[in-house]
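K.L.:
Sequence:
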Amino acid sequence: MVRPRTAVSCCSVEAALSWAAAGVCVLQQSLPYPFGDVLPYGEVDNRPAHRVVYAYATLLQLKHPRKAAAWFTAMVYFSPMDNMGARFHAPGGPSSSMPFRI
Numbered sequence: 001m002v003r004p005r006t007a008v009s010c011c012s013v014e015a016a017l018s019w020a021a022a023g024v025c026v027l028q029q030s031l032p033y034p035f036g037d038v039l040p041y042g043e044v045d046n047r048p049a050h051r052v053v054y055a056y057a058t059l060l061q062l063k064h065p066r067k068a069a070a071w072f073t074a075m076v077y078f079s080p081m082d083n084m085g086a087r088f089h090a091p092g093g094p095s096s097s098m099p100f101r102i
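Everything in the sequence shown is counted per my numbering, starting at 1 for the first residue and increasing by one.
Since the hints were derived computationally from the structure, they do not count as laboratory data.
Where is the CB? At the ideal position from N, CA and C, for every residue including glycine.
Where hints are given, some of them may not hold.
[Claimed, not checked] Label-pair ranges, simulated between beta-carbon atoms:
#, residue 1, residue 2, range
1, 64, 42, 29 to 35 angstroms
2, 77, 22, 19 to 25 angstroms
3, 66, 31, 20 to 26 angstroms
4, 28, 83, 17 to 23 angstroms
Produce the entire structure from the sequences given, and follow the hints as far as they go.
P.N.:
What follows is the structure in structure tokens.
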């Protein structure tokens, strides 16, 4: 049986979420605590950090939208230019006022 392209297997989401969580854990260990600075996306060395946090938040949003909202909000704070588009997923962001969901 061929699955539609939009169908996401529960097991694949769980596996991807655990890999992304491991990446976020490594990132958190490499940053000072508490981290209140910015990670400019323009710095090429910072881009993997942006990608792993965005991947984690996006996957988390599939299972726990409220928990993911905090990660998207944090992304907007540590990357004010928001090159990844986290503002569209953060509570109170531009998509909150749209009649449809991005």
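K.L.:
Cβ-Cβ distance between residue 64 and residue 42: within 29 to 35 angstroms?
P.N.:
holds, 31 angstroms
K.L.:
If you check the beta carbons of residue 28 and residue 83, does the distance land in 17 to 23 angstroms?
P.N.:
Given range 17 to 23 angstroms: holds, Cβ gap about 21 angstroms.
K.L.:
Should the hint that residue 66 and residue 31 are 20 to 26 angstroms apart at their CB atoms be regarded as holding?
P.N.:
Since residue 66 and residue 31 have Cβ atoms about 24 angstroms apart, the given range 20 to 26 angstroms holds.
K.L.:
For residue 77 and residue 22, compare the CB-CB distance with the range 19 to 25 angstroms and indicate the outcome.
P.N.:
Check passed, 23 angstroms falls within 19 to 25 angstroms.
The structure agrees with every numbered hint stated previously.
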